[in-house]
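**Q** Protein chains in written order, with the UniProt record's numbering: chain A, 1 to 263; chain U, 1 to 263; chain V, 1 to 263; chain F, 1 to 263.
Hints were generated in silico from the structure; no laboratory data involved.
Just to be clear, a hint being listed does not mean it is correct.
Given that identical chains are not distinguished, each listed pair holds provided it fits within a single copy or across any two copies.
[Stated by the list, open to error] When the alpha-carbon atoms are kept at most 27 Å apart in a straight line, the in silico DSS-like pairs for lysine-lysine are as follows:
1) Lys261 - Lys142
2) Lys107 - Lys91
3) Lys85 - Lys142
4) Lys139 - Lys248
5) Lys3 - Lys157
6) Lys139 - Lys261
7) Lys85 - Lys157
8) Lys167 - Lys142
9) Lys167 - Lys139
10) Lys179 - Lys142
11) Lys91 - Lys167
Protein chains: 4
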Amino acid sequence: MIKIVVAGFKGKMGATATQMVIDRDNFQLVGVLDPHSTESNLNQIGQYSQTDVPVFQTKEDLIESVQPDVWIDFTIPAVAFENTKFALKRKIAPVVGTTGFSEEEVKQLVGLSQQQQTGGLIAPNFAVGAVLMMEFAQKAAKYFPDVEILELHHDNKLDAPSGTAIKTAEMIAEVREPKVQGNPAEEELIPGARGADYQGMRIHSVRLPGLIAHQQVQFGSLGEGLTIRHDSYDRSSFMTGVALGCEKVVGLSQLVYGLEKLL
Amino acid sequence: MIKIVVAGFKGKMGATATQMVIDRDNFQLVGVLDPHSTESNLNQIGQYSQTDVPVFQTKEDLIESVQPDVWIDFTIPAVAFENTKFALKRKIAPVVGTTGFSEEEVKQLVGLSQQQQTGGLIAPNFAVGAVLMMEFAQKAAKYFPDVEILELHHDNKLDAPSGTAIKTAEMIAEVREPKVQGNPAEEELIPGARGADYQGMRIHSVRLPGLIAHQQVQFGSLGEGLTIRHDSYDRSSFMTGVALGCEKVVGLSQLVYGLEKLL
Amino acid sequence: MIKIVVAGFKGKMGATATQMVIDRDNFQLVGVLDPHSTESNLNQIGQYSQTDVPVFQTKEDLIESVQPDVWIDFTIPAVAFENTKFALKRKIAPVVGTTGFSEEEVKQLVGLSQQQQTGGLIAPNFAVGAVLMMEFAQKAAKYFPDVEILELHHDNKLDAPSGTAIKTAEMIAEVREPKVQGNPAEEELIPGARGADYQGMRIHSVRLPGLIAHQQVQFGSLGEGLTIRHDSYDRSSFMTGVALGCEKVVGLSQLVYGLEKLL
Amino acid sequence: MIKIVVAGFKGKMGATATQMVIDRDNFQLVGVLDPHSTESNLNQIGQYSQTDVPVFQTKEDLIESVQPDVWIDFTIPAVAFENTKFALKRKIAPVVGTTGFSEEEVKQLVGLSQQQQTGGLIAPNFAVGAVLMMEFAQKAAKYFPDVEILELHHDNKLDAPSGTAIKTAEMIAEVREPKVQGNPAEEELIPGARGADYQGMRIHSVRLPGLIAHQQVQFGSLGEGLTIRHDSYDRSSFMTGVALGCEKVVGLSQLVYGLEKLL
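The shape of chain A in the complex, shown without the other chains (with noise of 0.2 Å):
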């Protein structure tokens, strides 16, 4: 049973990680902490009126209480800075959802938890679906150098193509010879129609109603193809990644940096 606290409990990632370590059998809740709460205990919120913890409004009280493994922080950066050190010198095995910190605070937060002999986890991207949609591209793309990506979200996102295909197609480069695809000649009729281009590969991103957040990364090569699809349908798809980080950090020796590192 691996004990957790969650901090930033009462933001939306906050809130579902805090409803994830409540359903989880080899998890238990032994605390939460957010400035903004009111509450001392987590019965006094409707949608947790089962569930008997303490809330705490700083972090020093909450270690005067309570002895968590883990220390899941979903608050905004220079608050989860201060946290994940406040942690990991109480050998407390973080494990962080934000992408804003820079190079070096996470230079600085590995190398404390090495001086600690603690393990934590700094995640921008915890959907584990998604990690390994990149991984497996990457390595097909060893053995088909033909590849398009296909990203379709919801009509609302501003930007073309979508970081995670921009991601993948920085993975991809990395084991790919750049190489122009499809017919030297080829011609477009209505220009954009090839999509991006990335050092050869196509990416095309669609945007339409309804649609949340999928990619599909098409091979081709000699009569096959091989093709590797994500489909986040909610935040909920976070979780996954955020439990897998949970039960290996307590496992680890230092921080690392990127839910990859643990698959």
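Starting from the known structure of chain A, fit chains U, V and F onto it as the hints suggest.
**A** Coordinates of chains U, V and F only, in the frame set by chain A:
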């Protein structure tokens, strides 16, 4: 039992049609025609060794010997035009697969067919699945104005988007008000990511080795999506439509243009 | 501008419909009804704080104050039946989403609507995409008798195949001769591999966490395939159909059953 | 430039391999072997009229004239076993596509290769994409225990599920605890709807005309899905793997079994 002749039986499409007529229980192959043939009977050709059917080099010879109900024509446009007139004048219903007729020529043939009270079909595309896909896409667009077209072909293809994709977009445009899709403030981080713009609809052309000819019309709306996809694996896909044409033309009293008229 | 009331506005579907009417430019919400409501105006409820619309506890109170064109009803069957009669008698066109009416009740309501020369709609399924999928599948089956249905749902679902899959198979069966599919000598190495058998059509039910409600009708023929897929992501998917119903019923002179009648 | 001979060049797979060796820039075809051949040079055969390469009827004749680096073998099992020994004894690396060897025979050939310090490959399946699909599926199953397999084939196929589907399920079972999937109280309204049960994983076999050989491994988890799909369109799909084998075996010092060993 419908009696059928195939003109142009030595070409790729003609040979496929010949085999189809032989294979179907409700069709009887009564003759084949090709000016380049040197045989007098199909059974002199390896693949047809079990099929006793006369081979003709001229349409005049053919008509002296056999009385077909239907004239399948997969010759070149110039020849096909003369053949079609020749058939109609003898009240034989033509089923013609050529994209090369002018509007004037089609009009002339339709007129002749009306005089002769004889059915017939000229179709630029005999793939029933592709014709249904376009028809369904047009109907769906009445209710779902947000639509993107993905077409996927082998990487030797020269033009993007494909002719079928442009035809589909045109058919959708007949029932859909022009409408800018996606976020009005969306930004292409790499040019072309959002594909070709046809009256606000986006068209994406994927080209990969291994692929054959595929198209997906994808609609999105509040909380739902509707997708219509056609996969064409080889030339035989046209034969469902040719067979349907043969069955239908014998019941018509004039020539029609486009397989969709018979669906 | 169509004037609309929503009965059952406190339920999940009713609340979604209420929001839809507020959001659409061509609709005007003139009142909402729910016996369990305690407010007198929608603006007393958090999510509708900007919306000044009267709340009623009884239909009699409602009709004294407002004159709607359309009556959206998402109450329970017993109430819905009375409400629909009440509306028709006042020449208000009902749009009713309940699956609980008997054939006799529907017949009675249609009769009343004819007397009153008033339009209306009762629909067990308001997802336009699902209705189109079934209609397209039925049409395609005329030309492609080989068809399999894949339906994919979250893993809490109790019944397999889904109601929509069975409805689709029934609709296809209306136009397709029963036909054994697959190799006549095919053998299941593990029982159930070939799925459920409905007059020779095979239906496959996938159940996985993360999925919502998806169905794919897949046709195959010589050298080609045609696939029609519907994805339902959440309850809001019904609102395209409810809105369409509201727009159409004001032009009808009797009540119809089934959204497909309006497509 | 790798010097290659093809044994069994008159068979379907052998002919496809011969053409592949001719087409690749880094390969040089130095001879072909078939006891049933009557030609002395490939250029006497229509499709190879531009290729000046000697044809041999016996392996002894071949080895007197040419010094290959790699011996591609697409003969029958009995011949292939002798050929492979023959090649290894002359330090020629064999690339053998047969499923007919016994475990004992494979062991004997591996032993011989070690003595000779010569690389080699025996592979029952040369489709790189299929091998990657299975490998990725196995890895994903570590994180996503809920998985269903859909395999789709032409409707002449006799067995269901396919051999590849069963192999995939076995590989997944190596890393996944048996687990009943779906709702524990789920009910099949038509038997077979939930597919074949392999340790709780469900396998669904679709059979339709037009299809070739396709497989989709679909994982689901809280709020997300991961899908890995392989499409095989024709025999040429094996050639990517044969080519890869030829490139790799020259750098090995013993024979390996299974293409996955080289990925």
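**Q** Need the list of violated hint numbers for this structure, in ascending order.
**A** When the structure is compared with the hints, numbers 3, 5, 7, 11 turn out to be violated.
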